[in-house]
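The task is simple: from the sequences and hints, build the whole structure.
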Amino acid sequence: MTISHSQFNQEIFDKARATRTPLVGAFELTRSCNLACRMCYVRKYPAAGKPLSEQLSAGQWLEIGRQAAKAGMLYLLLTGGEIFLRPDFFEIYEGLYKLGLQISLNTNATLITPAIAERLAQHPPRTVAVTIYGASPATYADVSGDATGFERVLRGIRLLDENKLNVRLRTTVIRQNLADFEKIYQLSQELGHGLRLVDYVFAEDEEGEDPYAVRLSPVEQRECASRLYGWIVARQNEELKAGTEEQASTEEEDNDPTDIEQQREEPWKEAKHAFLCPAGNYSFSVNAAGKLLACLLMDEPGLGMGADVSLGEAWKQLKDLCEAVPVCRECAECEIRAHCSVCPAKLKTETGAFAKKAPYLCQMAEVNFAASKGER
Amino acid sequence: MKIADGFVLRQIIDTWIVVPVGKEVSQSGNMLSLSETSALLWERLEQGADEEMLTELLCERYETDRETAAADVKEFLREMEELNVLTRE
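Just so you know, the protein sequences line up as chains A and B, in that order. Residue numbering for the first sequence follows our numbering, starting at 1365 and increasing by one per position. Residue numbering for the second sequence follows our numbering, starting at -8 and increasing by one per position.
Please keep in mind that the hints were generated in silico from the structure rather than gathered at the bench. Cβ coordinates follow ideal geometry from the N, Cα and C atoms, glycine included. Some clues are possibly wrong.
[To be verified] Facing chain A, from chain B, some residues (calculated, C-beta under 8 angstroms): (1) K(-7); (2) V(-1); (3) I3; (4) I4; (5) D5; (6) V10; (7) V12; (8) K14; (9) S24; (10) T78.
[Stated by the list, open to error] With a straight-line Cα cutoff of 25 angstroms, these simulated DSS-like cross-link-like pairs (lysine-lysine) come out: (11) A:K1680 / A:K1712; (12) A:K1683 / A:K1721; (13) A:K1462 / B:K65; (14) B:K14 / B:K(-7); (15) A:K1710 / A:K1683; (16) A:K1721 / A:K1379; (17) A:K1710 / A:K1655; (18) B:K14 / A:K1434; (19) B:K(-7) / A:K1528; (20) A:K1680 / A:K1721; (21) B:K(-7) / A:K1462; (22) A:K1712 / A:K1737.
Right, here's the structure in full:
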């Protein structure tokens, strides 16, 4: 065969890594959001909530998309803020789609209408990732500041499903929705989807307060992961018994190249610089201000782009800047490093420095290491 | 004979991929992988080449005999038809 179907081409990822081609991108279309989640990193930006009229235009995003496609981008995540707050969303989305990009979306799904779901279905995104913040209006109010978000997210997910879009559910567990965690899982099952737990929450800014007023302690976070694992195994066993293993899926099918948290690279000891994940290797982000970054979770290293600097040119410089990011020696030499999710973005936000170990991450690694010895 | 509407041929590093982007075809979500020769034939088809012209192209480009080139082009077109990416006018 000279032509064949290609759902997920691992070979392209290997080549992109070897040649450091920007295969995977993320565009932060807006920092505006209709929710105000306690743990969201976007809230920390000074430009959060900037009027849409002052944000990059649809035409600017399409030009960035053209340059990125020319440089080698195939997979693109559109994220926010909340992407459906942009009245020109479909102008951007469909324009980018026609470039031959495989597009994934991040949304809180509360703004999905029948018209939006139907229009998406005409040019279906690769995935639509929806985060569920609670299992009741009260929890939604506590986490996101909007009690109506609960009913609206359920409606949004059902509309996406009715239009046969590839929905992926995830949840971020914090202090305010910890009691809802099992109900959130049950909700995902009732909706007919799996659930992924976001495994890291950024530290709060407030100093001197309870360090775990919002995010969970490392022990609690690990317990959540173990509980979810237990529920999934129990469900799969039930399905095996009943002979209805419909929801069992392979890792390959579940893999979303634009979900950077899923793309941890191993072995870490062979890493030539601080970035062990795809960021700065074959993945990049453009933030709402039009700045090219290795990752949206950090504001540096980054480069402005404009009429005189194309994305392709800026990417070449960004690779060099990433290589200059200092490696945390203590982390690199840590004996339980393989159990740690450390990355430059997390170190920078936890400690203010790239090369300083972060106690929260160290505790998380210790908990993970202990769990690996004591349990599956 | 022409390529159906709504497909974009892309070269990613040294790999050729066809991405469905049209309203009618994008629902499948399936990308196609092409060999370098297939990508060349695809490009020429987009420019309006017919079967005879494609055969000529292979003869010139790969210094192959006419019979082999014609068989290769036929096979390529058959595969495209099987995948519903070729329309015969």
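Hints versus structure:
1. K(-7): With a minimum Cβ separation of about 16 angstroms from chain A (threshold 8 angstroms), the hint on K(-7) of chain B is violated.
2. V(-1): holds, 3 angstroms
3. I3: holds, 5 angstroms
4. I4: Because about 5 angstroms separates I4 of chain B from the closest Cβ in chain A, which is inside the 8 angstroms limit, the hint holds.
5. D5: Given a least distance of 7 angstroms, the restraint on D5 of chain B holds.
6. V10: Since chain A brings a Cβ to about 4 angstroms from V10 of chain B, closer than 8 angstroms, the hint holds.
7. V12: The hint holds - V12 of chain B has a Cβ within 8 angstroms of chain A, the shortest such distance being about 5 angstroms.
8. K14: holds, 5 angstroms
9. S24: holds, 4 angstroms
10. T78: Since the shortest Cβ distance to chain A is 16 angstroms, the answer is violated.
11. A:K1680 / A:K1712: holds, 23 angstroms
12. A:K1683 / A:K1721: holds, 23 angstroms
13. A:K1462 / B:K65: Distance of about 29 angstroms is beyond 25 angstroms: violated.
14. B:K14 / B:K(-7): Holds, because 18 angstroms separates the two Cα atoms, which is no more than 25 angstroms.
15. A:K1710 / A:K1683: holds, 19 angstroms
16. A:K1721 / A:K1379: Given that 25 angstroms is the threshold and the Cα spacing comes to 32 angstroms, the pair is violated.
17. A:K1710 / A:K1655: holds, 20 angstroms
18. B:K14 / A:K1434: holds, 23 angstroms
19. B:K(-7) / A:K1528: Distance ~30 angstroms between K(-7) of chain B and K1528 of chain A Cα, so the pair is violated.
20. A:K1680 / A:K1721: violated, 29 angstroms
21. B:K(-7) / A:K1462: holds, 19 angstroms
22. A:K1712 / A:K1737: Not OK: K1712 of chain A and K1737 of chain A at ~30 angstroms, beyond 25 angstroms, violated.
Going through the hint list in order, the structure does not satisfy hints 1, 10, 13, 16, 19, 20, 22.
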